[in-house]
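Engineer: In order, the protein sequences belong to chains R and F. Using the numbering used here, the letters of the first sequence map in sequence onto residues 1 to 302. Using the numbering used here, the letters of the second sequence map in sequence onto residues 1 to 238.
Do not rely on the hints blindly, as some may be mistaken.
Here chain F is said to cover these stretches of chain R; the calculated rule only asks that three of the stretch's residues, wherever they fall, bring their Cβ under 8 Å from a Cβ of chain F [as the list claims (entries may be wrong)]:
#, stretch
1, 175-181
2, 252-263
Using C-beta positions, here's what the derived DEER-type ranges look like [unchecked claim]:
#, chain 1, residue 1, chain 2, residue 2, range
3, F, K113, R, L171, 29 to 37 Å
4, R, P252, F, K94, 19 to 27 Å
5, R, L108, F, K94, 44 to 52 Å
6, R, K175, F, Q196, 38 to 46 Å
7, F, K234, R, L95, 52 to 60 Å
Only pairs whose alpha carbons sit at most 25 Å apart, straight line, appear in this in silico DSS-like list of lysine-lysine [said to hold, decoys possible]:
#, chain 1, residue 1, chain 2, residue 2
8, F, K112, F, K72
9, F, K72, F, K11
10, F, K113, F, K72
11, F, K113, F, K182
12, F, K179, F, K31
13, F, K129, R, K175
14, R, K175, F, K107
15, F, K123, F, K68
16, F, K113, F, K94
17, F, K72, R, K98
18, F, K72, R, K175
19, F, K59, R, K98
20, F, K33, F, K123
21, F, K72, F, K94
22, F, K129, R, K298
23, F, K213, F, K59
24, F, K113, F, K213
25, F, K31, F, K64
26, F, K129, F, K107
27, F, K33, F, K94
28, R, K175, F, K11
FYI, nobody ran anything at the bench for these hints, they're computed from the structure. Ideal Cβ positions, reconstructed from N, Cα and C, are used throughout, including at glycine.
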Amino acid sequence: MFDFDALINCFGMASCAVNQLTSGLIIGMLLFLVASGLTLIFGVLNVINFAHGTFYMVGAYFAFSTYLFTESYLLSAFVGALGAGIFGIFFERVLISKVYGQDILMQLLVCYAFILITDDLVKLIWGTDYIAMGIPDEFRLAPFRIFGGYVPPLYAFLIILSLVIGILTILLISKTRFGSIVRAAAENSPMVSALGIRVPLYFALLFGLGCALAGIAGALAAPVRSLTPGMGFGILIESFIVTVIGGMGSIPGALIAAIILGLTRSIGSVGFPLFVDGLMFLIMAIVLIFKPTGLFVKGSPK
Amino acid sequence: MKLNNYLSLHKLNVYYGTSQILFDLSLNATKGKTLALLGRNGAGKSTTLKSLIGLVPIKSGSYKINDKNFEKLVSYEISKRGVGYVPEDRQVFKSHTVEENLLIGAKINSNKKDMFHLNEIYKFFPLLKDLKSRDAGLLSGGEQQMLSIARTLMGNPDILLLDEPSEGLAPIIVQDIAKLIKNLQKTEVTIIIAEQNIRFCFAIADNVALIDKGTIVYENTISELKKDTKTLKKYLAV
């Protein structure tokens, strides 16, 4: 099961090491975008969005269709994010806001029904086959050479853009009036409402923002992953692992945890391909035992 | 004595779940005056103020300000129409700074009142200016009470609802709050203040309403109530 020789060989060669690290970072950063949306929604609304992976899928499919028409990857990513965000606001207003504060089983049921319906809608519109978008024209360029390894420009772009989006999200929540109101409403929504602020509107926008983060991750991932109905499920599980390790509600925590998981995946695929998932859960279990609130959240878990 | 019906409640019935808290409660407040709502613990003072700001739903009865109906409105709509609410336990946003707390409350009300901005508030509350970058959770009880009142004033209310502003504060701080309310009265804001502290109310209020078991049992001016030892004894055990 373990092939440490292969691992040592790989890290002995600059090219192999660079390849594994970049691919680990890509997996990690895309996962970070999805998980940051999940953790944001949980931190403010105290709702676990079990349907979060669906918005990742919706973002990817919207991006794919936009790319077919426009052949612009950037526009596709934008449409993917926007589409997932609007779809998220719809989901929040019509369904999930009805079960705020209710038993977590109600939230789970509502989300599960929504996942099944959306997966079927995707099958009706785009079919059941695997779809590949391929590397977009903008990024058919010669790879960068870094320490003897090759990094495709698309990969570098994905890593940097994800990081920028993450930083912008943190700034939006910590520095703007929108963020200030949303954090205050998380603490005491009746008081915010008594000060003349339409809290449900802010909650819907925040939910939409969380879904847009999942959507843009799906859209950005479209060239490097294949699209299939139900593709949201795997990323949902991994996002949960990320939020548990990083701490529910912590965006910086999600970043670190997502990079740990991404690197575990890419390095593991060389050294212990059969134990990658196992190791991810093992890391999560260890964090849960020694710091149940996650690495970046103080105090007791909610 | 005739009271001007600027704000009026008529036969208000309010429930928490299935238990009724307010019973056919009727109340009037005069524009620009300070009304003290006095009563024992559990008489329904807080619930009355919460109904006025829309934090508890009104099951039946009417709630009017300037002849406009308010009973169907939710709290942010009532707030936007010029009603400001300062809750009993201050409820500042603990992990926000003092200034962030104030800015969350900032708005121009729908009657275009636009008097208080940060600068004016800091003139009114010099203490808060010195503390503006501190987390509100680290303030003392008196400072939090000041902040809670200032945050509501940032929303430029025409009517200010104060729920037990003297509760749990040292006598010297209570004096500061009384001074502050007297200063506010010069701005012609209408104030409804729920209190158990009778001396505090006697010092600042123009009119008084006594509440007992969820309904108003007495309405008059403060100066008349002071002479009425029978009523004082019966409802306030003075």
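Engineer: Does each hint fit the structure? Answer for all of them.
Structural biologist: Right, here's what the structure says about each hint:
1. 175-181: holds (count 3)
2. 252-263: violated (count 0)
3. F:K113 x R:L171: 29 to 37 Å: 33 Å, holds
4. R:P252 x F:K94: 19 to 27 Å: 21 Å, holds
5. R:L108 x F:K94: 44 to 52 Å: 31 Å, violated
6. R:K175 x F:Q196: 38 to 46 Å: Holds, at about 42 Å.
7. F:K234 x R:L95: 52 to 60 Å: 54 Å, holds
8. F:K112 x F:K72: 22 Å, holds
9. F:K72 x F:K11: 15 Å, holds
10. F:K113 x F:K72: 23 Å, holds
11. F:K113 x F:K182: At roughly 20 Å apart (the allowed maximum being 25 Å), F:K182 and F:K113 satisfy the hint.
12. F:K179 x F:K31: Within the cut-off at roughly 20 Å; holds.
13. F:K129 x R:K175: 20 Å, holds
14. R:K175 x F:K107: 19 Å, holds
15. F:K123 x F:K68: 34 Å, violated
16. F:K113 x F:K94: 28 Å, violated
17. F:K72 x R:K98: Between F:K72 and R:K98 the Cα gap is close to 20 Å, so the pair holds against 25 Å.
18. F:K72 x R:K175: 35 Å, violated
19. F:K59 x R:K98: 22 Å, holds
20. F:K33 x F:K123: With Cα atoms ~23 Å apart, F:K33 and F:K123 stay inside 25 Å; holds.
21. F:K72 x F:K94: 31 Å, violated
22. F:K129 x R:K298: 30 Å, violated
23. F:K213 x F:K59: 17 Å, holds
24. F:K113 x F:K213: 36 Å, violated
25. F:K31 x F:K64: Satisfied, since the Cα-Cα distance of roughly 13 Å is no more than 25 Å.
26. F:K129 x F:K107: Distance ~19 Å between F:K129 and F:K107 Cα, so the pair holds.
27. F:K33 x F:K94: Given pair F:K33, F:K94 is violated - Cα atoms ~32 Å apart, limit 25 Å.
28. R:K175 x F:K11: 46 Å, violated
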